[in-house]
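A.B. asks: Chains as they are written, first to last, in the working numbering: chain A, 1 to 246; chain B, 1 to 237.
Bear in mind the hints are in silico, worked out from the structure with no lab data behind them. Honestly, I wouldn't trust all of these hints.
Computed list of chain B residues with no C-beta within reach of chain A, every gap over 12 Å [what the hints assert, rightly or not]:
#1 K2
#2 Q88
#3 L112
#4 L236
Okay, the calculated beta carbon distance ranges per label pair [what the hints assert, rightly or not]:
#5 B:Q228 x A:D213: 27 to 37 Å
#6 A:K8 x B:P220: 18 to 28 Å
#7 B:P220 x A:R164: 55 to 65 Å
#8 A:N220 x B:D23: 43 to 53 Å
#9 A:F44 x B:N123: 21 to 31 Å
#10 B:E73 x A:R167: 21 to 31 Å
#11 A:R167 x B:D185: 34 to 44 Å
#12 A:K8 x B:Q119: 46 to 56 Å
#13 A:R167 x B:Y143: 26 to 36 Å
Not everything, but these chain B residues come out facing chain A in the computed CB check (under 10 Å) [unchecked claim]:
#14 S81
#15 E91
#16 L171
#17 P173
#18 A174
Idealized CB from N, CA, C, for every residue including glycine.
Residue strings, one per chain:
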Amino acid sequence: MEHSFIDKYSDLNSIIHRLDPRAKIISLFSYVIIVVLTLPHEFFKFIGYAVLIFLVVFMSRVPVVYILKRSMVVFPFVFLVVIFVPFYKADVFQGMYKYSKFIIVWNVLIKSWLAVLAMTILTATTKFSILLKGFEKLKIPKILIMCLSFMYRYIFVLVDEVQRFERARSSRYFGGKLKRQIKVIANIIGLLFIRTYERAERVYQNMISRGFDGKTRTINNLNFSVFDVFFCFVFLSILLLIKIQG
Amino acid sequence: MKKVIEIKNLSFTYPDGKLALKDINLDVFEKESVGIIGPNGAGKTTLLLHLNGIFRSKNGRGKLKIFEKDINEENLAYIRSKVGLLFQEPEDQLFMPTVFDDISFGPLNLGLSKDVIIQKVKNALNDVKMEGFEERSPHHLSYGEKKRIALACILALEPEILVLDEPTGNLDPATRREFIALLKDFKHTKIIAGHDLEMIKEISTKVIVLNQGRKIIEGPTPEIFSNQKLLLENRLI
Numbered sequence: 001m002e003h004s005f006i007d008k009y010s011d012l013n014s015i016i017h018r019l020d021p022r023a024k025i026i027s028l029f030s031y032v033i034i035v036v037l038t039l040p041h042e043f044f045k046f047i048g049y050a051v052l053i054f055l056v057v058f059m060s061r062v063p064v065v066y067i068l069k070r071s072m073v074v075f076p077f078v079f080l081v082v083i084f085v086p087f088y089k090a091d092v093f094q095g096m097y098k099y100s101k102f103i104i105v106w107n108v109l110i111k112s113w114l115a116v117l118a119m120t121i122l123t124a125t126t127k128f129s130i131l132l133k134g135f136e137k138l139k140i141p142k143i144l145i146m147c148l149s150f151m152y153r154y155i156f157v158l159v160d161e162v163q164r165f166e167r168a169r170s171s172r173y174f175g176g177k178l179k180r181q182i183k184v185i186a187n188i189i190g191l192l193f194i195r196t197y198e199r200a201e202r203v204y205q206n207m208i209s210r211g212f213d214g215k216t217r218t219i220n221n222l223n224f225s226v227f228d229v230f231f232c233f234v235f236l237s238i239l240l241l242i243k244i245q246g
Numbered sequence: 001m002k003k004v005i006e007i008k009n010l011s012f013t014y015p016d017g018k019l020a021l022k023d024i025n026l027d028v029f030e031k032e033s034v035g036i037i038g039p040n041g042a043g044k045t046t047l048l049l050h051l052n053g054i055f056r057s058k059n060g061r062g063k064l065k066i067f068e069k070d071i072n073e074e075n076l077a078y079i080r081s082k083v084g085l086l087f088q089e090p091e092d093q094l095f096m097p098t099v100f101d102d103i104s105f106g107p108l109n110l111g112l113s114k115d116v117i118i119q120k121v122k123n124a125l126n127d128v129k130m131e132g133f134e135e136r137s138p139h140h141l142s143y144g145e146k147k148r149i150a151l152a153c154i155l156a157l158e159p160e161i162l163v164l165d166e167p168t169g170n171l172d173p174a175t176r177r178e179f180i181a182l183l184k185d186f187k188h189t190k191i192i193a194g195h196d197l198e199m200i201k202e203i204s205t206k207v208i209v210l211n212q213g214r215k216i217i218e219g220p221t222p223e224i225f226s227n228q229k230l231l232l233e234n235r236l237i
């Protein structure tokens, strides 16, 4: 069955793709932090940040439309913030600055959008397995990495399972009261949970039969090259320059 | 001939009280191929899981020795490196993001060095005729390919005994034929459980029939398969 993968374009070949995952993680996470720390009324700085991130997008050769589409995931969250804006008092003070409602919406919108753009570029240009290796080398706890790795491995297996349940249900579905429908769906969710639990048990049996003893071991085949240092240096310099100069 | 597996009066009850194995006795000698057949729920998989120390009879009922060693905490790592267990469902066996990570999982746990592991992964892929699949993601493989990679995961540990649970289940006829040819080529001691009687007939030298957790009979392959009455009684035809 077909699924969309977050690392769909990770097989392309570009400067950004060839970077060590750590270089990308460090650069792009710094980007998010710097963007969030910028005051909302410094409009020109945000233009600078946007230019910088789109420069990276173009360098990566990932279709811009794809990146833009993926970055849309942020809007439902922004919408939630916008709903509450009418209930604000006229002006909101933030430190020594006074902001109107419009600025508040703008603040949330631009910062989250730029942050999601950065993360989209990170995941779109890096294979998920490599990305996890990068995080591991940056000392993220191994158990967390393992959880993420299993999640990525089995999420589609689970989706397939749900689709099979759904097919089995609709092939015997002849209408019915809402209450009954909810009951059926609740059963499916319960069954899915049990199946997942059982699968986890079988996977664990597999792991111990291949000598797993609770310690995760990995091979390091990452290589932080001179070019990675150069990229981080240039990217972070431009970033700081925008932040300071505005 | 060297006795590699020795099972004496082995019984096993699941935590829910279901009796899965009752007084199993079995000796397996080096380079032998043993087929285990029996109806659904006969205890085939439960028996196989014992051979790798995943299930252990705790209350001291029965004895199980592999390479003349008892299965205990001390010997467990050794036994697991000697007994390669291929599970029924390859989806459960391939749990890492890439084929390379999956195959290297076992060797890594043995604490081998990077170069040795890379070579082992390569050899294992060669053995199952899947060269160049290192960077593929298991989710994108076909069922037959998954099965082969799962076998490679076992072979990378260079075990002496191969324990195979339904190795040909769900495979299309051509893939099945290739898989059987592959298994026949291996020189390991083999223990194969399954419903694919033709496959068992082709690979094994000795067959045991299980039913409701009990060993019904043990004998040379041609003898068992020519006993129509026995096969009928045990729901095998």
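A.B. asks: Are the hints correct? Go through all of them and say.
C.D. replies: Right, here's what the structure says about each hint:
The Cβ of B:K2 lies farther than 12 Å from every Cβ of chain A, with a closest approach of about 23 Å, so its non-interface assignment holds. Not every beta carbon of chain A lies more than 12 Å from that of B:Q88, the smallest distance being close to 9 Å; the non-interface claim is violated. Look at B:L112: its CB is around 10 Å from the nearest CB on chain A, not clear of 12 Å, so calling it non-interface is violated. Annotated as non-interface, B:L236 keeps its C-beta farther than 12 Å from every C-beta of chain A; the closest such distance is 26 Å.
Between B:Q228 and A:D213 the Cβ separation comes to about 48 Å, which falls outside the hinted range of 27 to 37 Å. Restraint check, A:K8 to B:P220: a C-beta distance of roughly 55 Å breaks the suggested window 18 to 28 Å. For B:P220 paired with A:R164, a C-beta distance near 42 Å fails the hint of 55 to 65 Å. The beta-carbon spacing between A:N220 and B:D23, approximately 50 Å, falls within the hinted interval of 43 to 53 Å.
Between A:F44 and B:N123 the beta carbons are some 59 Å apart, a value that contradicts the proposed interval 21 to 31 Å. Checked against the hint of 21 to 31 Å, the C-beta distance between B:E73 and A:R167 comes to roughly 46 Å, which is inconsistent with it. Distance hint for A:R167 and B:D185: a CB-CB separation of about 40 Å, consistent with the stated range 34 to 44 Å. Distance hint for A:K8 and B:Q119: a CB-CB separation of about 32 Å, inconsistent with the stated range 46 to 56 Å.
Checked against the hint of 26 to 36 Å, the pair A:R167 and B:Y143 fails, with Cβ atoms roughly 19 Å apart. Against a cut-off of 10 Å between C-beta atoms, the interface hint on B:S81 holds, since the closest Cβ of chain A lies about 6 Å away. With its C-beta approaching chain A no nearer than about 6 Å, B:E91 sits inside the 10 Å limit, and its interface hint holds. Look at B:L171: its Cβ only gets to about 19 Å from chain A, farther than 10 Å, so that hint breaks.
Interface restraint check for B:P173: the shortest CB-CB distance to chain A comes to about 24 Å, outside 10 Å, so the restraint is violated. The criterion of a C-beta within 10 Å of any C-beta in chain A is not met by B:A174, whose closest approach is roughly 23 Å, and the hint is violated.
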